[in-house]
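So you can see what is in the structure, the chains are spelled out below.
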Amino acid sequence: MMTTIYERLGGQPAVDAAVDIFYRKMLADDRVAHFFELTDMDGQIAKQKSFLTLAFGGPNNYTGKDMRNAHQKLVDQGLTDEHVDIVIEHLGSTLKELGVADADIAEVAAVANSVRNDVLCR
Amino acid sequence: MGALISYNDRRIRLEDGESVLDGLLREDQIVPHSCKAGICQSCLMSAARGDIPETAQLGLKPTYKRQGLFLACRCVPDADLTVQLPDAAGLSTSAIVVEKNDLNDAVLQLRLRPVADFDCRPGQYLTLMNPDQIARSYSIANQPAIDGYIELHIRIVPNGAMSGWLRETAGIGDHVTIRGPAGDCFYAADGDGDYPVILAGTGTGLAPLYGIVADALAQGHSGDIRLFHGALQYEDLYFVEDLTELAAGHENFSYQPCVLNGGDSPLYRQGNVEDIVIASLPESKAATRLYLCGAPELVNSLKRKAFLAGLASKHIFADAFLPSKA
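As you go down the protein sequences, you meet chains D and B in turn. Per our numbering, the first sequence starts with residue 1, numbered consecutively. Per our numbering, the second sequence starts with residue 1001, numbered consecutively.
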């Protein structure tokens, strides 16, 4: 039975290590930073942990409806495919920094892409 | 249409999106409350029947969650709920006022002796309730386990319901009720305790920070500890002598008062405490622990800037002092 990337990377501690790096990249990128509420860093980080757990193939309870509800406001603010591409790019560079193999990075990107339409509420 | 709330012998239909607290207050019920932001825990209630939404229990310690306690200001239930004020006997402790001192024109030092064990860590906060059912939260500024009393620093607010009562009415020997503690702003030695610690705050944000410094030193923290206290004018500072003395007595502790509106002076550093703190972050960002307490704009801004500068999110402990909305 194949292990998930989540298991191979080391589970929750790996997500915790990745989330700071990933979130920092997003806050430092003017193209996407404005989608993150300035005052609720803890809440945002918790959401990013859920997202990374999902992207790593780890245990998560997201339904398509949850993704839509979570992002409808952002879509109203102008969230597009370009932004989703940028997020997946930052996810990739985060994993590269953590020494994750290219094949695994591609797999994570594929999982992230699989929720693209739910995120964009279409 | 909102859910039906049963409270004592009243049935209250909540409006769409209305919290349990707002609904009860709208119907003239008395429910202690303060920040209306899910932080201070003054509006704690218990649900005798019905499902509590997860968001209404955020920040509560596990024992509270298990007892079905929730924050009324954060509770917008999907289905009907039967609620009541929490069983005070189980949650609160009576405490006696043992000392009151003015630390400056706007800060009152209050010392309380709980009548029963009140387990808490310096830097956490508790909810203080007076005989008029006014509830406010304050941070623990000392080491109660060592001192035998709990010290709070009360900001005197114009027409303040609690601060006015404490200053004008509360007498030595009077009883108050305390509940808690809550909050994650406290010192916890990780490994060798040799990592850098930075603490920054404004006004009575100094209270928890002072407790945390004392706690860290008492636990033998060997890394550098740097405390920055910011104020608009020099007169707004307090504990200047105590902190200067503490710094003189501990090689690894330094104290930097920062004054925004003041000329050059040997007594303090002139400037914006936020800029001063960011400029003072140590080389080893990833290992640094940061404690931020006081004015929300400063706390949130420094939290974000320090994180972007490279501090780990799990090493940033922030306690924004929200003004009361009661």
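Watch out, some of these pointers could steer you wrong.
What the hints assert, rightly or not - A few chain D residues facing chain B, derived, Cβ under 8 Å:
1) D20
2) R24
3) M26
4) M41
5) I45
6) G99
Stated by the list, open to error - Here are the simulated distance ranges between beta carbons:
7) D:A28 with B:N1272: 20 to 26 Å
8) B:I1096 with D:A28: 23 to 29 Å
9) B:L1232 with D:E7: 50 to 56 Å
10) D:E7 with B:A1079: 36 to 42 Å
As the list claims (entries may be wrong) - Computed list of chain D residues with no C-beta within reach of chain B, every gap over 10 Å:
11) G11
12) D16
13) L27
14) A28
15) D42
16) N69
17) G78
18) D85
19) A106
Keep in mind the hints are simulated off the structure, nothing from the lab. Using N, Cα and C, we set each Cβ at its ideal position, and we do this for glycine too.
Against the structure, the hints:
1. D20: Interface hint status for D20 (chain D): holds (5 Å vs cutoff 8 Å).
2. R24: With Cβ-Cβ at 6 Å, under 8 Å, it holds.
3. M26: violated (11 Å)
4. M41: M41 (chain D) check passes; min Cβ-Cβ to chain B is 6 Å, inside 8 Å.
5. I45: holds (5 Å)
6. G99: Not OK, violated: G99 (chain D) not within 8 Å of chain B, min 17 Å.
7. D:A28 with B:N1272: 20 to 26 Å: holds (22 Å)
8. B:I1096 with D:A28: 23 to 29 Å: For I1096 (chain B) and A28 (chain D) the Cβ distance comes to about 52 Å; the hint is violated.
9. B:L1232 with D:E7: 50 to 56 Å: holds (54 Å)
10. D:E7 with B:A1079: 36 to 42 Å: The hint (36 to 42 Å, Cβ to Cβ) holds, given that E7 (chain D) and A1079 (chain B) are roughly 37 Å apart.
11. G11: Nearest chain B Cβ is 16 Å from G11 (chain D), so the label holds.
12. D16: The assertion about D16 (chain D) is violated, with a minimum of 7 Å to chain B.
13. L27: Incorrect as stated: the minimum Cβ-Cβ distance to chain B is 6 Å, not above 10 Å.
14. A28: violated (6 Å)
15. D42: violated (8 Å)
16. N69: Answer for N69 (chain D): holds, closest chain B Cβ roughly 14 Å.
17. G78: holds (22 Å)
18. D85: holds (23 Å)
19. A106: holds (27 Å)
When each numbered hint is compared with the structure, violations occur for hints 3, 6, 8, 12, 13, 14, 15.
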